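Peer 1: Generate coordinates for the entire structure from the input sequences, incorporating the hints supplied.
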Amino acid sequence: MTTLFYLAGAIAILSTCAVIVQTNIVHALLYLILSLLSVAVVFYTLGAPFAAVLEAIVYAGAIMVLFLFVIMMLNMGQHTRQQERGWLTARVFIAPAIMAALLLAQLLNVMSQVDYELGLTRVGVLEVSALLFGPYVLAVELASILLLAGLVSAYHLAKK
Amino acid sequence: MALEIGSGLTIGLILGVVIVVAAMLIWVERRLLSFWQERLGPNRVGPFGLLQVVADMIKIFTKEDWVPPFADRLSFVIAPAIIMIVILLSFAVIPFAPNIGVVDSNIGVLFVLAMASLGAYSVMLGGLSSDNKYALLGSLRAAAQMVSYEVFMGISLLGVVALSGSFNLRTIVEAQEGMWFVIPQFVGFVIFLIAGVAESHRLPFDIPEAEQEICAGYHTEYSGMKFGMFFVGEYLGLVLVSSLITVLFFGGWMGPAFLPPIIWFAAKAGVFIAFFILLRAAIPRPRYDQLMSYGWLFLLPLSLLNLLITGVVILST
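Those protein sequences? They're chains W and U, same order as listed.
Going by this note's numbering, the first sequence runs without a break in its numbering and finishes at 160.
Going by this note's numbering, the second sequence runs without a break in its numbering and finishes at 1317.
Just so you know, the hints here were simulated from the structure itself, not pulled from any lab data.
Because the structure is a prediction, the values reported are computed rather than measured.
Quick reminder that beta carbons are idealized off the backbone N, C-alpha and C, glycines included.
Take these hints with a grain of salt, some might be off.
Said to hold, decoys possible - Reference listing, derived: stretches of chain W covered by chain U, where coverage requires no fewer than 3 residues with Cβ under 8 angstroms from a Cβ of chain U:
#1 21–28
#2 53–60
To be verified - Over the 10 angstroms line for every Cβ pair with chain U, so calculated as not near, a few chain W residues:
#3 L7
#4 P49
#5 L68
#6 I71
#7 M72
#8 R85
#9 G86
#10 L104
#11 S112
#12 F133
What the hints assert, rightly or not - If you anchor each label on the Cβ, the simulated ranges turn out as follows:
#13 U:G1165 / W:E141: 18 to 26 angstroms
#14 U:G1165 / W:T3: 31 to 39 angstroms
#15 W:A18 / U:E1004: 36 to 44 angstroms
#16 U:I1314 / W:K159: 45 to 53 angstroms
#17 W:A158 / U:P1301: 26 to 34 angstroms
#18 U:P1069 / W:E84: 33 to 41 angstroms
Peer 2: In structure tokens form, the structure reads like this:
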């Protein structure tokens, strides 16, 4: 399980880096799907099979399909690749790299104080549902109102 | 030599049998279609034309495997592999008999849904990377169709999950000891059947590859074994949907004891495979916008209502 965890984590990091430096937009999207799927494996190894499979269904399965759908509609050709290549100079990476390094330092600082063992707990479907409809019911309802608002506005825009 | 869940022998047998059945279905479908259309079908090669599949396979393996120079090579090559991989992976959670299966997973139903949603990439990438207007039209249709029907497919299953109280397909089969779920969940069964046809994009819902309108849709540019993988993938999908219907609504391997469980499973799944072929012979293809509005305006409210009523009944008893 530990090997699988580190392997999936490494794939997630590498494929996410590939998303950033890839100039072909379809390939970048494929790497993003790969990254999401390996995060799903990470969730699974941490003892959260429900979160893992939802990650695969919702992010890798549904949201990324819509991304690919939009790319298909826009029909971007060779010229976007050249444009991308023009944007990807070493200079653009400086500011984000500093910010990411700060975030990483914070994260390592926090993580070093937590003693967490792999495969310690197993959070199944029942536990997640009991929490969602117990203490977090307000958050679930608020999220559904947000989604409804998005749905209504999308309908309004499409009607125009 | 006993078969048990997850042993190497069982996994190998399942993989082999599933692929051979999917390939043989090419012949079965052509013979059955011609039977219903009052003609003979392929009956020349071997007894009853049984070796037709072998002849087709030899042809498809020795054909030139051509990648169009204008295609996006990476996505063009992986697209046909995706459909084979996700469908074969879905078979991992199917309980064929009490002692036959690959894994006994607590998230079986969700795993199948996840694999089905990943299957959409196969047709989308195939069409997009071909750089051909018919292929692109086909994959646009496929994307919208698969994403929409996935929703009702998931919701129609929730009634069964609520009744059995588990996402584990093996537990779902065992929960049907007294009564098959097709009786309390008949609406869910019908919606799942329709969504299953749409997900495996077979006629009457083969709009992504409607040959009269858009050549062959998303696989217009494919040839040789890459086309063969799309082709066999479609039949694998058919076997998968039939097995799922058997497991979820018709008691899986259960049946009177004079036949072994696996035979009952195969017989039930076989009936649904034949039914899907009959659907192809009997129903014309709807228009694309009809398919979408039928899904969102009719199937979605119906499946939600079904879920609501199931919930009310479970809570009140």
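Peer 1: So, for every hint listed, does it hold in this structure?
Peer 2: Comparing the hints with the structure gives:
Counting residues of the region 21–28 of chain W whose beta carbon lies closer than 8 angstroms to any beta carbon of chain U gives 3, which meets the minimum of three for the stated coverage. Note: the region 53–60 of chain W has 5 residues with beta-carbon separation from chain U under 8 angstroms; the three-residue rule is met and the coverage holds. The beta carbon of L7 (chain W) is kept farther than 10 angstroms from every beta carbon of chain U, the shortest such distance being approximately 18 angstroms. Not every CB of chain U lies more than 10 angstroms from the CB of P49 (chain W), the least distance being 5 angstroms, so the non-interface label is violated.
With a cut of 10 angstroms on Cβ distances, L68 (chain W) falls inside the contact zone with chain U, its closest approach being about 5 angstroms. Not every beta carbon of chain U lies more than 10 angstroms from that of I71 (chain W), the smallest distance being close to 8 angstroms; the non-interface claim is violated. Look at M72 (chain W): its CB is around 5 angstroms from the nearest CB on chain U, not clear of 10 angstroms, so calling it non-interface is violated. Non-interface status of R85 (chain W) relative to chain U is upheld: no Cβ of that chain comes within 10 angstroms, the nearest being about 17 angstroms off.
The claim that G86 (chain W) is not at the interface with chain U holds, since no C-beta of that chain comes within 10 angstroms of its own (minimum 21 angstroms). For L104 (chain W), the shortest C-beta to C-beta distance to chain U comes to about 31 angstroms, beyond the 10 angstroms cut-off, and the non-interface label holds. Under the 10 angstroms C-beta cut-off, the non-interface status given to S112 (chain W) relative to chain U holds; the minimum distance is some 33 angstroms. Even its closest Cβ contact with chain U, about 13 angstroms, leaves F133 (chain W) beyond 10 angstroms, as expected for a residue assigned away from the interface.
Against the hinted window of 18 to 26 angstroms, the Cβ-Cβ separation of G1165 (chain U) and E141 (chain W) comes to about 25 angstroms, which satisfies the hint. A C-beta distance of roughly 34 angstroms is found between G1165 (chain U) and T3 (chain W), which places it inside the suggested range of 31 to 39 angstroms. Taking 36 to 44 angstroms as the suggested C-beta distance range, the pair A18 (chain W) and E1004 (chain U) conforms, at roughly 41 angstroms. A hinted range of 45 to 53 angstroms for the beta carbons of I1314 (chain U) and K159 (chain W) is inconsistent with their spacing of about 39 angstroms.
For A158 (chain W) paired with P1301 (chain U), a C-beta distance near 19 angstroms fails the hint of 26 to 34 angstroms. Between P1069 (chain U) and E84 (chain W) the Cβ separation comes to about 22 angstroms, which falls outside the hinted range of 33 to 41 angstroms.
Of the numbered hints given earlier, the model fails hints 4, 5, 6, 7, 16, 17, 18; all others are met.
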